Amino acid sequence: MTTRIQKEASKESLLLNMGPSHPAMHGTIRIMLELDGERILNSEVEVGYLHRGFEKICENRTYFNLLPYTDRMNYVSPLINNLGYVMTVEKMLGIEAPERAQYIRVIMSELSRISDHLTCLAAMAMECGAFTVFLYNVKAREYIWDVIEETTGARMTTSYIRIGGVRADLHPGYKAVLKKAIVETRKVLKDIRGLLDKNIIYLNRTRDIAIVSPETAISYGWTGPCLRSTGVYYDVRKASPYAVYDQLDFEVPLGERGDNFDRYMVRMKEMDQSLRIIEQAMEKMPRPSPSKLMVEALEPAEAIKASRTKRVEKEIKLSPNLEGSERGKYLDILGTDKKYVVPPKEDTYTSIEGIINHFKFFMRGHGIRPPKGEAYFSVEGGNGELGYYIVSDGTDRPYRLHLRAPCFHIVSALEEMIKGHYIADIIPTFGSTNMIGGELDR
Amino acid sequence: MIGNFVTTRFNYILGWARKYSLFHYPFITACCGMEYMSTAASHFDWDRFGTGWTRFSPRQSDMLVVCGTISHKLAPVLRTVYDQMTEPKWVMAFGTCAVSGGIYDNYAVVQGSDRIIPVDVYIPGCPPRPETVLDGLIKLQEKIQKQEQEWRWKKRK
Numbered sequence: 043m044t045t046r047i048q049k050e051a052s053k054e055s056l057l058l059n060m061g062p063s064h065p066a067m068h069g070t071i072r073i074m075l076e077l078d079g080e081r082i083l084n085s086e087v088e089v090g091y092l093h094r095g096f097e098k099i100c101e102n103r104t105y106f107n108l109l110p111y112t113d114r115m116n117y118v119s120p121l122i123n124n125l126g127y128v129m130t131v132e133k134m135l136g137i138e139a140p141e142r143a144q145y146i147r148v149i150m151s152e153l154s155r156i157s158d159h160l161t162c163l164a165a166m167a168m169e170c171g172a173f174t175v176f177l178y179n180v181k182a183r184e185y186i187w188d189v190i191e192e193t194t195g196a197r198m199t200t201s202y203i204r205i206g207g208v209r210a211d212l213h214p215g216y217k218a219v220l221k222k223a224i225v226e227t228r229k230v231l232k233d234i235r236g237l238l239d240k241n242i243i244y245l246n247r248t249r250d251i252a253i254v255s256p257e258t259a260i261s262y263g264w265t266g267p268c269l270r271s272t273g274v275y276y277d278v279r280k281a282s283p284y285a286v287y288d289q290l291d292f293e294v295p296l297g298e299r300g301d302n303f304d305r306y307m308v309r310m311k312e313m314d315q316s317l318r319i320i321e322q323a324m325e326k327m328p329r330p331s332p333s334k335l336m337v338e339a340l341e342p343a344e345a346i347k348a349s350r351t352k353r354v355e356k357e358i359k360l361s362p363n364l365e366g367s368e369r370g371k372y373l374d375i376l377g378t379d380k381k382y383v384v385p386p387k388e389d390t391y392t393s394i395e396g397i398i399n400h401f402k403f404f405m406r407g408h409g410i411r412p413p414k415g416e417a418y419f420s421v422e423g424g425n426g427e428l429g430y431y432i433v434s435d436g437t438d439r440p441y442r443l444h445l446r447a448p449c450f451h452i453v454s455a456l457e458e459m460i461k462g463h464y465i466a467d468i469i470p471t472f473g474s475t476n477m478i479g480g481e482l483d484r
Numbered sequence: 136m137i138g139n140f141v142t143t144r145f146n147y148i149l150g151w152a153r154k155y156s157l158f159h160y161p162f163i164t165a166c167c168g169m170e171y172m173s174t175a176a177s178h179f180d181w182d183r184f185g186t187g188w189t190r191f192s193p194r195q196s197d198m199l200v201v202c203g204t205i206s207h208k209l210a211p212v213l214r215t216v217y218d219q220m221t222e223p224k225w226v227m228a229f230g231t232c233a234v235s236g237g238i239y240d241n242y243a244v245v246q247g248s249d250r251i252i253p254v255d256v257y258i259p260g261c262p263p264r265p266e267t268v269l270d271g272l273i274k275l276q277e278k279i280q281k282q283e284q285e286w287r288w289k290k291r292k
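In the order they appear, the protein sequences are chains A and B. In this text, residue positions in the first sequence follow this note's numbering: the first is 43, and each later residue adds one. In this text, residue positions in the second sequence follow this note's numbering: the first is 136, and each later residue adds one.
Because the hints were derived from the structure by calculation, they are not lab data. Wrong hints could be hidden among the right ones.
As the list claims (entries may be wrong) - One side of the interface only, derived from the structure: several residues of chain B facing chain A at Cβ under 10 Å:
hint : residue
1    : VAL141
2    : ALA165
3    : CYS166
4    : CYS167
5    : ALA175
6    : PHE191
7    : THR204
8    : HIS207
9    : LEU209
10   : ILE238
11   : ASP240
12   : TYR242
13   : ALA243
14   : VAL244
15   : PRO265
16   : LEU269
To be verified - According to the in silico footprint, chain A covers these stretches of chain B (three or more CB under 8 Å from chain A):
hint : stretch
17   : 158 to 164
18   : 176 to 183
Because the structure is a prediction, the values reported are computed rather than measured. Beta carbons are placed, not taken as given, at the ideal position from N, Cα and C, and that holds for glycine.
Build out the structure end to end from the sequences listed, making use of the hints.
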């Protein structure tokens, strides 16, 4: 198959293929280069190597069942992807999560943002030869994932944020783990700045390379840290605040020149701001409402036994099994409307109403059915504005779901960014765009 | 051990040497790459098991780590990388997508990398935890130790 560049290239120039499995390019993408010596005259970026049919799959899954697929879009920050999808559905249903759940969502998405930026900078620095930075960043990411794991039960693909709230409350000892993660991340950020900020090798490879003007960035539809590195003040968290971002105090760091170094710098500063947000959210988060009197409550096993002969009248002790149960204790993290929240397993196994609710939720044609219409909602993802556009025809499956992936717009400018530079400049430029295959090709 | 020498079979010692020096080529496509990073970096550090050296050239590597979803567009690339590797070579299918296609049962995704290349060890999980990966690695090392080794001047039957 001849590509566009093969047809257009002049006879004197050299054609070089880069990717799709290239050591210095994390993720699968192919760049065809037209070279004059080492200078890039033209290039063609080919995407689609990780096309997994996300949007088509979503048309065949119920609103509840397609949540795990959103985890795997931007797999470095899965919780933000969950949040974007869930808030879109909530917008369609016209419901809102309890306040404590909103704070948990903010903490979780900021943790994800930090892990996203850490991974991006780790890969970018490693590809420039700074392997220490990679090791430090992954170390910090482990501490962050410890917090996420203890609360959600999974390291990466969590499916934690649910329609109507979050799946479970923060685990009892979360404060100590979270504080440790914050301290460790701050240490690592300080170390990285010491290693890279005045490092002449790193500066030579990033300063004034791949400069993007604000006009170009906007015309390509850039958002997120890459747009802010050009000096444009746009952040979804500030422009149209969702969750409780309007009650938290944080700054939006801006760059000046829009080169690789600025993209690195904006990400570093954003991580500081994210840590600030987490600390504030920890302070401001409302306490869980006092639990119901559980003295006379039955153990679930006893209740199941008793329910075989007659109706159980007493309260049932709900176990903290991350099933959205413990409702008495945690009324303020997940809604109670049975139309959009999975009923607790204890109810399902002990009462006839519970089992009917369960079937009404999971049976084909039932479950979450947003009214006819369409909705768009966007959150600030790791790479920028992460938007979900859902068309509903009134059934339990979306008629159409479209993901506005921020990384697609950034990668589409890659050809223009690397034009006129050397081959070696592709590596930090590509690293700074933070291409994530799952999000780019969907 | 008697005196200062050890008796062993050449086949055994070659297996022992090979299992502790697995140069690997990470064929990272998707989410599993993040867990690959964690496993390879200092926290879980699979260098402890002799798998530290990441070679980004298939010609220098012994183990191909298929990390993530293989779409139909990427399948020929994976096959090329495998063919470029020199013998002896082993393949680790890392994560459910590489094992069986995982949750992506659709038109775009190859239903398991063993449809394209022979796989030695399957590691389930979406993505697998680093502990699972280390367990899979140890299983692969056991397999390498047990198997019949090939060398250049070996007498063929």
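Results for each hint:
1. VAL141: 37 Å, violated
2. ALA165: The hint holds - ALA165/B has a Cβ within 10 Å of chain A, the shortest such distance being about 6 Å.
3. CYS166: 4 Å, holds
4. CYS167: 9 Å, holds
5. ALA175: 8 Å, holds
6. PHE191: 3 Å, holds
7. THR204: Holds - the Cβ of THR204/B comes within 10 Å of chain A, reaching about 6 Å at its closest.
8. HIS207: Constraint on HIS207/B satisfied, holds at 9 Å.
9. LEU209: At about 5 Å, which falls below the 10 Å cut-off, the nearest Cβ of chain A leaves the hint on LEU209/B intact, so it holds.
10. ILE238: Holds: closest Cβ of chain A sits about 7 Å from ILE238/B, inside 10 Å.
11. ASP240: 9 Å, holds
12. TYR242: 6 Å, holds
13. ALA243: At about 4 Å, which falls below the 10 Å cut-off, the nearest Cβ of chain A leaves the hint on ALA243/B intact, so it holds.
14. VAL244: 6 Å, holds
15. PRO265: This interface hint holds because 9 Å falls under the 10 Å limit.
16. LEU269: LEU269/B check fails; min Cβ-Cβ to chain A is 15 Å, beyond 10 Å.
17. 158 to 164: That given contact holds, which follows from 3 residues of the stretch 158 to 164 of chain B lying within Cβ reach (below 8 Å) of chain A.
18. 176 to 183: Coverage by chain A holds here, the residue count being 3 at a Cβ distance below 8 Å.
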